[in-house]
Every structure is written in C-alpha cells, then in structure tokens.
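S.K.: Chain residues, written in single-letter form:
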Amino acid sequence: MGGYGDIQMIDENGLRVDGRNATQVRPITIETGVIPVADGSCRMTWGTNDVIVAVYGPMEAHPRKIQRQDRAVLDVRYNMAPFSTSDRIRPGFNRRSREISKVTADALESVVLLEMYPRSKIRVEIEVLCAEAGTRCVGLTAASVALADAGIPMTDMVVSVASGKVNDVVVCDLNKEEDNYGEADLPMGVLPNSGELVFLQMDGDLSPEEFQTAWDYNIQAAYDIHKIMVDALKTGGAN
Amino acid sequence: MAIPMVSKLLRNHLHELALNDQRIDGREQWEGRPLQLEVDVLERAEGSAKVTMGDTIVYAGVKFQLMTPYPDRPNEGGLMCGAEVRPVAGRNWEPGPPSAESIELGRVVDRGIRESGCIDVNSLCIIPGEKAWQVILDLFAISDDGNLFDAFALAAIAALKTAIVPCEKFEVGEDYPLNVSKIPIMCSYHKVGNRFVYDANSQEELGGDERIHITLGEEYHVHSLQKGLKGIFSADEFAEIMERAKIQSSELRKLVNTVLGD
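Residue numbers (the numbering used here), protein chains in the order written: chain A, 178 to 416; chain B, 1281 to 1542.
Keep in mind that the hints were calculated from the coordinates and are not lab data. Remember, it's a predicted structure, so these values are computed and weren't measured experimentally. Do not take every clue at face value.
Covered by chain B, according to a simulated footprint, are these stretches of chain A (three or more residues, beta-carbon under 8 Å) [as the list claims (entries may be wrong)]:
no. : region
1   : 223-229
2   : 253-262
3   : 265-275
4   : 306-313
Residues of chain A placed beyond 12 Å of chain B at every Cβ, according to the derived structure [unchecked claim]:
no. : residue
5   : Asn198
6   : Ala215
7   : Ser218
8   : Arg241
9   : Gln389
10  : Val407
11  : Asp408
Quick reminder that beta carbons are idealized off the backbone N, C-alpha and C, glycines included.
Construct the entire structure; sequences and hints are all you get.
M.R.: Structure representation (structure tokens):
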C-alpha cells in the first residue's frame, strides 16, 4: 500500500478513476480449454489482467520421496511472464511468486479431493501474461476453473477477489492505481456453495467497520463471479 | 526437459508411414499446420505477437531498458533474446533453471534475427558511450505440440515489427516505432522415418531423429543454421530442404506482411 492519501481517486459522485462505483468489479471473461496439450486449462481476463492456467494430471509423482501414501500432491506454481508488467521482470523464481504459489496451493488443497489419487501428482501452472492488480486473485480463481475443466473432483471452486480502501472509501476489486496508491487491500478466497473461506490476506489500514464492508463486498462479488465461472465451464466461455 | 521414453512402436509406425509418403496427422511431407499470427496481444509489452501452429501456441513480448554501451562499441545498443518454456507448456517441461533445450531455442532464434541485421544497433544509441536502448525479446511458450523453433521465430519478428520505443516513459524524447528493416524467417525440418518433413508435431519430434533449422532473409540470404539432435544427413537431403525453405520462407514473409498491413 502506497498510502498517498492526497491523490484524488474518487470523484464527487463516488466514481473511481475507471468510472466504476464502489462495489463494481472490472470486466471479466473466462475461456476454458485454451491449452490443447494440457488436461485442463483456462484463460481469464479481468480488467487488463490476462492469466493462463494449465492443469496436468493426476500423473505419476516423481521423485518417489515426494509421494504421499494417502493422497495426491498438489504442485502449484504462480509465475509472471517477463513482459507482464511495465518494467520487465527477470525470469526465475522470486520470494513474491513463491509465497503466492504457496497460499494458492493451500487454498486449492482445501477443496480438491486429493485422497482420491494416492501417490500421484496434480500440477497447476499459473502464468500471468499481463498484470494489472490482483493477479493472485485472478490466478486462484482461474486455477479453480482449470481444475474443473480437467475433471479433477472438488468440493467447490474457489472464487477469489480483493477489496480495499482508497481515499478513505472502501471499494471492491482494486485496479492498478488504487492498488499502488490505496490504503488497504483485502484479498479473500470464498467457497460460493458454503460461504466459507480458504484464502485470506490483508495489508494496510482498515477500521472494524471498513473491514466489515470490504468483507461483505468480497462475498457479494464472489457470488457474481461464480456465475461467470459456471457459465464458462458449461459453454467453453469467452462470450 | 524430461525426455520421455520413445516407444519402438511409434518409431516403427512413423517409419512405415514415411515409406508410404504419409504423416501421422495426415499431412503432406512439406505441409505446415494451420497457422495464425496475431500482433499487439499483450498490453504491458512494447511489442507483442502470438503464434498458433496447430496445437503449439507461443507468445513473444518486447521490452526496452536503458543500458550503458559496451566500451568497445560506444555507439551501439543491444538486443537480447531469451526463450522460456515453462512447465505450463506441456507435461515434459519441468520447473527450474532454463533447460539446455530452451537455451538452444532462444539462441537459434536470436542468431537469425541478429545476423539478418534487421535491427540497426547504431540507431539504438541515445548518447554515445553513455546511454543506449537494450531491446529485450522474451519468447514464452504456453502449449508445446512440436516445432517451437518456427513458432518462436515468427512471433519474435512480428513482435519486433510492432514494437514502440518507450522514450516518454524513460524521459528521453518522444515514442517512435522500432526500425526493423528486414523479416528473417525460420523454417525447420525434422527427419522422421527416412525423410525430412516440415513443421514436425510433438509425436514426430519424439519418434524422429535430427532436425535442421534454416533462417532465410530477403533474396534467400542465409542468416542462421542449426542442426540439432542425433542423426546423419546427406548433402542432397540438405539441398532439398534448402529449396523448400526458400519457398516456405517466402510464404511466411507474405503472411507477416499481410498481418502487419505492409
């Protein structure tokens, strides 16, 4: 959170820099089956975020020491392509992508029925081709769709969305400017069928009331986004 | 990249098909897969392209950085070309530092572009000895069904052709399109069974032998060659694929020009 409170990002009508109101989510498209060689795949555009996810498996887990006798291992990798941001990113793993890979894996492990595939491995590859803000939310949501596209049994799909605070106003789904100069960011991973959570992070500064508002915005947005996900899985998606 | 077991059945099958002038996916010997080239597909890149060849899909993105020219070449900027085949592109591609395969990919594409002289490195200089542009071309595969070389090379030149030098962002003047004067084109041939074929798919790569990559410029000037993998070929075989490369590179160059609207 940059916390530059003097930059005006909400106008007198309560509209944001990209013309949305406080609860509006950026435009979303989801397309399945975009990687022909993968067992399941998904491309999700969310604002100018463009994320591609491939799922491979269940397949043999090797080396054998990583195998679990009672369930599958979920191998999740989040990565940003070198050309995905304004300044080029040097290829290779970094602390940020490693953390996001881990929390994404933790969220997905909560819903994937891993015990159905003992001693095997399921690979989830999240590649950010174009980043705006909230790529971890896009990656986690798209990964859920790709897993479903691969036919991997799950108790629910994770819908991830972030709300935050800009100029002391709580807003849903931060864009790039709001993410850079806003005062708080609260990404959540929601299970739409039960209303439960599998992913939660936060940084910034929120009062208890603001926190509750941001929480409620996320839950509501998750239900709306879930409809798009289900629709994409039924039709192949992308309109 | 993990090299999967090559089944004798696949090798024998490909060999028999070749004897009957057939290919495993029904194509003719010199026939490429359906090809699609799109440009300006990546919002944050200064130039970009996406190539779909059958089930092979790759992206190329161009970024710019300011650099200090090398002391022995104070009037020149730089060009850097790297290929990454991340595990997203197929089950045999593994995470970790770049594999020998992806380094070879990047270097062969790099040579074709560099040696064609399509980018005038002197024009990348801003202040001699002090400041110059480094053009960074990143090749990124998302689906590997064979012949990443040609897909990367085509995406690379198309991305460069659409690149805008971001002077305003770096506060060194006004943005202008990168001057790319030529269109080098790579054509790759794979020995499958007893003969070479054009644009091998992943099964043909797996059950085939050596591959030869030819990058041709305007008027059929040769800019890069690479023989990869184990295998022996004759001068006559090479002469035959060189003739094919002349025809096919001309067709691909026309496609690039059509897509770019030149």
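S.K.: If a hint holds in the structure, say so; if it does not, say that too.
M.R.: Hint by hint, here is what the structure shows:
Counting residues of the region 223-229 of chain A whose C-beta sits closer than 8 Å to any C-beta of chain B gives 3, which meets the bar of three, so the coverage hint holds. Coverage of a stretch by a chain is defined here by at least three residues with a beta carbon nearer than 8 Å to that chain's beta carbons; for the region 253-262 of chain A and chain B the count is 7, and the condition holds. Counting residues of the region 265-275 of chain A whose C-beta lies closer than 8 Å to any C-beta of chain B gives 3; at least three are required, and the coverage claim holds. Residues of the region 306-313 of chain A lying with their CB closer than 8 Å to a CB of chain B number 3, which satisfies the three-residue condition for coverage.
With a least CB separation of 24 Å from chain B, Asn198 of chain A remains clear of the 12 Å interface cut-off, as annotated. At roughly 7 Å from the closest C-beta of chain B, the C-beta of Ala215 of chain A falls inside 12 Å, breaking its exclusion from the interface. For Ser218 of chain A, the non-interface assignment is contradicted: its Cβ lies about 8 Å from the closest Cβ of chain B, within the 12 Å cut-off. Against chain B, the non-interface label of Arg241 of chain A holds: every CB pair exceeds 12 Å, the least being about 15 Å.
A cut-off of 12 Å between C-beta atoms confirms that Gln389 of chain A is not in contact with chain B; the least separation is 35 Å. For Val407 of chain A, the non-interface assignment is confirmed: its Cβ lies about 24 Å from the closest Cβ of chain B, beyond the 12 Å cut-off. No beta-carbon of chain B comes within 12 Å of the beta-carbon of Asp408 of chain A; the shortest separation is about 23 Å.
Violated hints for the displayed structure, listed by number in ascending order: 6 and 7.
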